[in-house]
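Got two chains here, each in a separate frame; can you build the complex from them with the hints?
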Amino acid sequence: MNDFSYTQAASAKEATGIIKEKPQAAYIAGGTTLLDMMKANLLEPPQLVDLNQLPFKGIEQTSDGLRIGAIERMSTVGEHPLVVQQFPAVSQALLLAASPQLRNMASIGGNILQRTRCGYFRDAAFPCNKRVPGSGCPAIAGDHHNLAILGVSDSCIATAYPGDLSVALAAFDAVLTLENQKGKQRRVPITEFYLLPGKTPQRENVLESGELIVAVTIPGAAHARRSTYLKVRERSSYAYALASAAVGLDVQNGTIRTARVALGGVGAQPWRSREAEKVLTGAPATEATFLAAAAAALQGAQPLEHNRFKVELAQNTLVRALQQVA
Amino acid sequence: MATNHDPDLPAPHDEHRRNFLKQSSLLTALALVPSAVVEAAESKLDERVAEAIEKIPLSLKINGKKHKLKVEPRTTLLDLLREDLHLTGTKKGCDYGQCGACTVHVDGLRVNSCLSFAVMHDGQEITTIEGLASGDDLHPMQEAFVKHDGFQCGYCTPGQIMSAVACVREGHAGSEAEIREYMSGNICRCGAYANIVAAIQDVKSGGKKV
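Protein chains in written order, with full-length UniProt numbering: chain A, 1 to 326; chain B, 1 to 210.
The following block holds chain B by itself, in its conformation from the complex (with noise of 0.2 Å):
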C-alpha cells in the first residue's frame, strides 16, 4: 500500500497503519476459526482500506434535510441512501435499473437511483418514500395503496409508489393502458399489477394534491 500511496493525498495516519497490521496478524491467527468471525474480521479491513480512497464533497437535499457528505465516487446514489443515511425505505432489486425498487425523485424527476453515482448529484433535491407523507399523515398514493391493497410481500412497493405519484404528476395517468404503460419501469413479482393501477386511477380521479 505504502508504495502505491499518491504523493498528492495525506499519508495514511500511523493509527490506521498500526490498525490495519494487527488486523493482519489476527487474520492470520483466526485462519481457523468459524467463517463468520473471519468475515466480520475482514469487513472491518475493507473499512480501513475504504478510508484510503478519495472521497469527494458532495452536497444534497434529502427530504427536505440539507446533508454534508463525502462519498467515494463509485457510491451509487442507491448505496449512499441505504448503506449511508440509512435511509433503507428505498429498495435494492435488480441493482441494474431493470426492476424500479430503487426509484426515488431527483429535482422532481423519476429515476433508478440504483444506475446513478452520487456525486453526479450535487445541490440537487432528492425524495425518497421516507419523504412523501407529512408526519403522520400518509401520502395520497400511500393511503390508496392500503385502501386497494396494492401489494402482497411489499417489497417493490416504495419504488412502486415513488413512480406511480410521478407518473399522476407527468400527466401520464390518463387511462388504464397509459398508466400500465408508464409504469412498466417497476416490476412486481407478486403480481399485485392490477391493484397498483387501481390504486393510481383513484388518486388520479380523487382530486388529492399529488
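For reference, chain A alone in the conformation it holds in the complex (with noise of 0.2 Å):
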C-alpha cells in the first residue's frame, strides 16, 4: 500500500476543503471498501480524510421522514426500532449484507458509494473502462456470471452498486443531502444519484469533487410499512446478491392501491422498475399480477451467455417477495 498523509477533520468545510486543495485525497468513514481498495493498489490516495468527527449522526423522524446521518453505521440502523417499523426492506436490506464485523464498521455514505466486485475492475493487470476509461472491457467477453443484465452498454456490464441497501433506497423513494466544498446542501433523489455506465462508465454518480452525503432521508408510506428484501446468492450468507428485490405494497380488499419495486444484483445501478409498478397498481394482489410484473420488470434486460439465468431468476425473486408482503 502507497505511503499517505492523515487528517481527521473536524468539520465539513475542513473536509472540503482539503479535497479542493489535493483532489487526488480521499474521505473514509468505515475504511471497509477503501482500504480493500487501497490493499490492492486500485487506488492510492495521497492524503485521507477522516470524516468520523463530522456531525452527520443520528436517526431521527422529520417533517420528509426517517432522516439518517450518512455517518451512522449499518448495523446501528439496521437494528433501529424506527428503521425496523417504519422500513422492513431497509433493515432486511442492511442485516442481509456483509457480515455482522463489516455492517459493525461500514458507514451508510460509504455503503451507497461502494464499487462493483466486477473481477477486471478489481484486478489491475486486466483493461477496465470503469477504471482506466477507453481500455476496454473483458468481461462481455469474459466471466460475467454475476454482472449486470439491465441498464448495461458496450463500454461497461458491471453492477456498478453491488450491495443492497442503494435498492431499498430506491424503492421507497429515499432523497440524499450533498454538501458541496461552497458549504452549499442539495437533495438528490437517490433514483438520480446514480449514472449509468454509457461510454462513460468511470462517472458512476452526479457527486461533484469534493461533495459529501450529508444524510439520507426516507418518506413515510403505508407500502414501505408493508415492505421486504428477498436477497438471492450464490451461498446462504455473506455474500453479494445474485439477484435481489425490494418491495412495498398497500393492499386493501385485495387491491393494491400503491406499489413500490426495486432489485439488486441486476442493474448496472439500483433498479428501479416503474414499469413493474404499473402493472401492479390497481391490480389485484394475485400471483398472476406478480407474474406479470416480474415480466414488464424483466422486459429490457440484455443478457449474456453467462448470466441470461439471472432473468428467471429476478423475476422468480421478485414474485416470491411480493407473495410476501401481499
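Treat the hints as calculated values from the structure; they're not laboratory data. For every residue, glycine included, the Cβ atom is placed at its ideal position computed from N, Cα and C. Watch out, some of these pointers could steer you wrong.
[Stated by the list, open to error] Cross-link-like lysine-lysine pairs, in silico, DSS-like; alpha carbons within 30 Å at most:
{"hint": "1", "chain 1": "B", "residue 1": "K70", "chain 2": "A", "residue 2": "K22"}
{"hint": "2", "chain 1": "B", "residue 1": "K55", "chain 2": "A", "residue 2": "K20"}
{"hint": "3", "chain 1": "A", "residue 1": "K39", "chain 2": "B", "residue 2": "K92"}
{"hint": "4", "chain 1": "A", "residue 1": "K39", "chain 2": "B", "residue 2": "K61"}
{"hint": "5", "chain 1": "A", "residue 1": "K20", "chain 2": "A", "residue 2": "K57"}
{"hint": "6", "chain 1": "B", "residue 1": "K92", "chain 2": "B", "residue 2": "K55"}
[What the hints assert, rightly or not] Chain A is faced by these chain B residues, among others (derived, beta-carbon under 7 Å):
{"hint": "7", "residue": "I53"}
{"hint": "8", "residue": "P73"}
{"hint": "9", "residue": "R74"}
{"hint": "10", "residue": "Y96"}
{"hint": "11", "residue": "G97"}
{"hint": "12", "residue": "R110"}
{"hint": "13", "residue": "V111"}
{"hint": "14", "residue": "L115"}
{"hint": "15", "residue": "S116"}
{"hint": "16", "residue": "M120"}
{"hint": "17", "residue": "Y182"}
{"hint": "18", "residue": "S184"}
{"hint": "19", "residue": "G185"}
The structure is reproduced here in C-alpha cells:
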C-alpha cells in the first residue's frame, strides 16, 4: 500500500477544503471499501480525510421522513426500531449485507458509494473502462456470470453498486442530502444519484469533486411499512446478491393501491422498476399480477451467455417477494 | 531522498544516512550472495526507509493496558497488534475482510482489524483473544470451544471466539439458525462449524457471564 498522510476533519468545511487543495485525496469513514482497494493498489490517495468526527449522525423523525446521518453504521441503522417499524425492507437489506463485523464498521454514506465487485475492475492486470477509461471491457467476452443485465452498455456491464441498501432506498424514494465545497447543500433522489455506464462508466454518480453525503431521508408510507427485501445468493449468507428485490405494497380489500419495486444484483445501478409498479397499481394482489409485473420489470434485459439465468432468477425473486408482502 | 525531503520535517539523522550508505555498498558487494542473506539486508534497509515516513501519535487501551504509540498512517490495526505489539493471537487470514480471522472488539463491537487503520482508533479500547481469559481461567467461550472440539487446525479460532463472544453479547445466539447467520463473517476451512455452533449454544444456555 502507498504511503499517505492522515487528517481527522473537525468540520465539513475542513474536509471539503482538503479535497479542493488536493483532489486526489480521499474521504474515509468505515474504510471497508477503501482499504480493500488500497491494498490491491487500485486506489493510491496521497492523503486520507477521516470523516468520523463530522456531525452527520443520528436517526430521527422529520417532516420529510426518517433522516439517517451518513456516518451512522450499517448495524446501528439496520437494528434501529424506527427503521425496523417503518421500513422493514431497509432494515433487512442492511442486515442481510456483508458480515456482522463489516456492518459494525461500514457507514451509510460509504455503503451508498461502494464499488463494483466485477473481477476485472478489481484486478489491475486487466483492462477496464471503469478503472482506465477507453481500455476496454474484458467482462463482455469473459466471466460475467454475476454482472448486470439491465442498463448495461458496450463499455461496461458491471453491477456498479453491488450492495443491498441502495436497492431498498431506491424502492422507497429516499433522498440524499449532499454538501459541496462551498458549504451549499442540495437534495438528490437516490434514483437520480447513480449514473448508467453509457460511454462513461468511470462516472458512477452525480457527486461533484469533494461533495459529501450528509444524510439520507426516507419518506414514510403505507407501502414502505408493508415491505420486504429478498436476497438470492450463491451461498446462504455473507455474499453479494445474484438477484434481489425490495418491494412494498399497500393492499386494501385485495386490490393494490400503491406499489414500490426495485431490483438488486441485476442492474448497472440499483434498479427501480416503475414498469412493474405500473402493472401492480390498481390490480388484484394475485400471482398472475405478480408474474405480469416481473415480466415487465425484466423486459429490457440484455443478458449475455453466463448471466442469462438472471432473467428468470430475478423474475422469480420478485414474484416471491411480492407474495411475501401481499 | 535528500531532494524529496519535506522541509517541515526534521532532517534525517546523519548516522542514518551513514548507515544507509554503508548498507547500499554492502548490498552491491552482496550481489552474488545467496538470496536469503540479501533479503535480510534489504529488510533492514526497509526499516531505515520507514523511519523517514511520518508517524502519528496514538493512544490505545489494549486488553486493559494503556499504550502510547507512534504509527504510520497506513498501519492496519491488525499489523499494529501483531507486528508492533507482538499480540499474535489475532490472525491474518485473507487480509481483505472476507474471512474473519482478524476479528477483535473495538469499544465492545466486533470488527475486522485488517480493514481498519490503527490511527483511526485513537482513545479507543481494543480487546483481542489475549484479553479474554482472567489469568489462568479461560473465558467460558474458550472453555466451550475446547469442550466441543470447535476447531481443527486452529487458525480461525481466535477470530471465531471473539466473534462468538460478541454474538452472544449482542443477543444473536437465540437459535442455531441465528447463530449460523451471525457467525457467517468467520470462515473455517476445516469445517468445524457444527462444533462451533454447539459451543456457542452451550455458552448461551450455560448462564455464565460472557
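Hints, verified against the model:
1. Restraint check for K70 (chain B) and K22 (chain A): satisfied, since their Cα atoms lie roughly 25 Å apart, inside the 30 Å limit.
2. Taking the CA atoms of K55 (chain B) and K20 (chain A), the gap is near 25 Å; set against the 30 Å cutoff, the hint holds.
3. Taking the CA atoms of K39 (chain A) and K92 (chain B), the gap is near 14 Å; set against the 30 Å cutoff, the hint holds.
4. For the hint pairing K39 (chain A) with K61 (chain B), the CA-to-CA distance comes to about 27 Å; that is within 30 Å, so the pair holds.
5. Using a Cα cut-off of 30 Å, the hinted pair K20 (chain A) and K57 (chain A) holds, with the two alpha carbons roughly 24 Å apart.
6. For the hint linking K92 (chain B) to K55 (chain B), the alpha-carbon distance of about 23 Å falls within 30 Å, and the restraint holds.
7. Using the Cβ-Cβ criterion of 7 Å, the hint placing I53 (chain B) at the interface with chain A is satisfied: the shortest such distance is roughly 6 Å.
8. For P73 (chain B), the suggested interface contact is upheld, since its CB lies about 4 Å from the closest CB of chain A, less than 7 Å.
9. The interface hint given for R74 (chain B) holds, since its Cβ lies 5 Å from the closest Cβ of chain A, which is under the 7 Å cut-off.
10. A least Cβ separation of about 6 Å between Y96 (chain B) and chain A falls short of the 7 Å threshold, and the interface hint therefore holds.
11. The beta carbon of G97 (chain B) comes within 6 Å of a beta carbon in chain A, closer than 7 Å, and the hint placing it at the interface holds.
12. The closest approach between the C-beta of R110 (chain B) and any C-beta of chain A is roughly 5 Å, which is under the 7 Å cut-off, so the hint is satisfied.
13. At a threshold of 7 Å, the smallest CB-CB gap from V111 (chain B) to chain A is about 5 Å, leaving the interface hint in force.
14. With a least beta-carbon distance of about 5 Å to chain A, the hint placing L115 (chain B) at the interface is held under the 7 Å criterion.
15. The restraint placing S116 (chain B) at the interface with chain A holds, with a minimum CB-CB distance near 6 Å, inside the 7 Å limit.
16. Here the hint on M120 (chain B) is kept, as its CB sits about 6 Å from the closest CB of chain A, short of 7 Å.
17. At about 5 Å, the closest approach between the beta carbon of Y182 (chain B) and any beta carbon in chain A falls short of 7 Å, and the interface hint on this residue holds.
18. About 4 Å separates the beta-carbon of S184 (chain B) from the nearest beta-carbon of chain A, less than 7 Å, and the hint is met.
19. Restraint check, G185 (chain B) versus chain A: the minimum CB separation of about 2 Å is within 7 Å; hint holds.
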